[in-house]
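J.: Could you put the whole structure together from the sequences, leaning on the hints where they help?
These protein sequence lines are chains A and B, in that order. So in the numbering used here the end of the first sequence lands on 378, straight run, no missing numbers. So in the numbering used here the end of the second sequence lands on 129, straight run, no missing numbers.
Do not rely on the hints blindly, as some may be mistaken.
[Claimed, not checked] Cβ-to-Cβ under 8 Å is the rule here; a few derived chain A residues that face chain B:
id, residue
1, I36
2, V37
3, P193
4, G238
5, T242
6, K307
7, R308
8, F331
9, S334
[Stated by the list, open to error] Negatives, chain B to chain A, calculated, CB over 10 Å:
id, residue
10, K9
11, S22
12, N86
13, F95
14, D112
15, D116
16, V122
Simulated from the structure, these hints should not be mistaken for laboratory data. Small disclaimer: the values here were computed from a predicted structure and weren't measured. Heads up, the beta-carbon is just placed ideally off N, CA and C, and yes, glycines get one too.
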Amino acid sequence: MADQFLTTPLNQWHTSHGGRMVEFAGWLMPVQYTSIVDEHVATRTACGLFDVSHMGRLEIDGPGARQWLESMLTRRVVDMELGVVRYTLITNDHSEILDDALVSCESIPSSQSQRFGLVVNASNRARVVQWMLTRMPDAGVRLIDRTLESAMIAVQGPLAVHLVADHISAHFRETLMALKPYRFLRAELLDIPASFSRTGYTGEDGFEIIVPANRATEVWESLYSKAHQKGLRACGLGARDTLRLEAAMPLYGHELKEITNPFAAGLSLAVDLEGRTFPGSNRLAACRDHRDHVEGTVRVGLRFDSKRPAREGHEVFFENTRIGTVTSGSFAPSLGYAVAMANLSLETSKVGTTVEVLVRNNRETAHVVPLPFYRRKK
Amino acid sequence: MGIAIKFAKSHEWIRPEDSGASATIGISSYAVEALTDLVFMQLPQIGRHVKAGESIGEIESVKAVSDLYAPVSGEIVEVNASLPDNLEILGSDPFGAGWVLKIRMSNPEELDVLLDQTAYDVLVSGQGH
Numbered sequence: 001m002a003d004q005f006l007t008t009p010l011n012q013w014h015t016s017h018g019g020r021m022v023e024f025a026g027w028l029m030p031v032q033y034t035s036i037v038d039e040h041v042a043t044r045t046a047c048g049l050f051d052v053s054h055m056g057r058l059e060i061d062g063p064g065a066r067q068w069l070e071s072m073l074t075r076r077v078v079d080m081e082l083g084v085v086r087y088t089l090i091t092n093d094h095s096e097i098l099d100d101a102l103v104s105c106e107s108i109p110s111s112q113s114q115r116f117g118l119v120v121n122a123s124n125r126a127r128v129v130q131w132m133l134t135r136m137p138d139a140g141v142r143l144i145d146r147t148l149e150s151a152m153i154a155v156q157g158p159l160a161v162h163l164v165a166d167h168i169s170a171h172f173r174e175t176l177m178a179l180k181p182y183r184f185l186r187a188e189l190l191d192i193p194a195s196f197s198r199t200g201y202t203g204e205d206g207f208e209i210i211v212p213a214n215r216a217t218e219v220w221e222s223l224y225s226k227a228h229q230k231g232l233r234a235c236g237l238g239a240r241d242t243l244r245l246e247a248a249m250p251l252y253g254h255e256l257k258e259i260t261n262p263f264a265a266g267l268s269l270a271v272d273l274e275g276r277t278f279p280g281s282n283r284l285a286a287c288r289d290h291r292d293h294v295e296g297t298v299r300v301g302l303r304f305d306s307k308r309p310a311r312e313g314h315e316v317f318f319e320n321t322r323i324g325t326v327t328s329g330s331f332a333p334s335l336g337y338a339v340a341m342a343n344l345s346l347e348t349s350k351v352g353t354t355v356e357v358l359v360r361n362n363r364e365t366a367h368v369v370p371l372p373f374y375r376r377k378k
Numbered sequence: 001m002g003i004a005i006k007f008a009k010s011h012e013w014i015r016p017e018d019s020g021a022s023a024t025i026g027i028s029s030y031a032v033e034a035l036t037d038l039v040f041m042q043l044p045q046i047g048r049h050v051k052a053g054e055s056i057g058e059i060e061s062v063k064a065v066s067d068l069y070a071p072v073s074g075e076i077v078e079v080n081a082s083l084p085d086n087l088e089i090l091g092s093d094p095f096g097a098g099w100v101l102k103i104r105m106s107n108p109e110e111l112d113v114l115l116d117q118t119a120y121d122v123l124v125s126g127q128g129h
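T.: Below, the structure is given as structure tokens:
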């Protein structure tokens, strides 16, 4: 059964450490090792170690790379300095959202040779590559899919930064610890070439580290053994999902789909239209200027009175009128009650509004609350 | 404890009382361990008449919701009302304090088609994860 799925370089480690392996976007991935709640709490209080090697890692280089990406992404690329990471959307000519991604800049703007990294969702990797290749200029740009030759490990939680820094040569340690959010750095981890991005998908501080596939287990085991005594846990996709939900981070396929209006989804910061042209930019400009009339919905947070989770697709009512749909929902382990993100009609989306959600024939009471549900203490 | 415990393939256990007319139903320790992270449970109404195989409740974990099925037909006569607020008992004492409900069986012969302990152990050993 396993050979019909892709496996990450850490697959052997997962299966020999109790990982419950499930299919996700064509990959065999651990959904949990012990319990989702334990892994979630470990990430909030100590450190979580996540294998996110299924995410697509694309490299774009060549003298024309910067200008080409500028014409392809919803975020501005021309002014990106070396070491900068930006959250962007990838749209087509109909302004449909093909994916959300992190773009990172590996060269100074004035350099002859330009190189960028693009981390995309596993479920969208194939179509993003295909789409970008159809728009590739004849010369001056290359796109290389580095997914299968590398691994990506997320280290997240209050202990994460020190743990990673302890694996870095003294020369880079200070710089790494001082790295700002949405910045990255190349350095050696042990003696392994790695890139460290001060980003994550949990609401905690930490890094996402890319290393060569054949060194991934060494890196993972070193991080794991150094901090397991202090509460670090290997975490599966289950905890990753509850953590990102509490932090109100969108998940493609849920909060974000082809037809999503990014301005209604609370993602206006992911779209920079000022003096720029990219696929679908005209239509997105119209969405922004008439945002109240386009879909008439907005992404909100719901806090439930009970622990019973609403799930994607459950309908939301206000005084017996259907006003929207849940996009993601779960029991929130850090909060002790169920939460959900939902798209609600504008008129009934104010914080404090009490609504009902139809959870498998039961009406559950919920309240519109500000996002995110959880914010770490600095 | 005259009559032996039986199991449904859907992981409920049932233990008939000595009289043979009614029985206690719960969830196997295997199922509780497989679910993990239980957050919610819905119990049926007392007095409800159910058929074997009918959904009589829900048990929900962080990740997924599962139905609870009646292993036999009959009338629900009692539920463990404190259980939904103390779901950890399902894990710590699944065959005792973690009982879920009691049913007055309308057709006790339905017990015959359920699995005995040995057959159930074989079933779950083949589902290991």
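J.: Work down the list of hints and note, for each, if the structure agrees.
T.: The hints, checked one at a time:
no. : hint : verdict
1   : I36  : holds (5 Å)
2   : V37  : holds (5 Å)
3   : P193 : violated (36 Å)
4   : G238 : holds (5 Å)
5   : T242 : holds (6 Å)
6   : K307 : holds (5 Å)
7   : R308 : holds (4 Å)
8   : F331 : holds (4 Å)
9   : S334 : violated (12 Å)
10  : K9   : holds (21 Å)
11  : S22  : holds (28 Å)
12  : N86  : holds (12 Å)
13  : F95  : holds (21 Å)
14  : D112 : holds (33 Å)
15  : D116 : holds (28 Å)
16  : V122 : holds (21 Å)
Hint compliance for this structure: hints 3, 9 are broken, all remaining hints hold.
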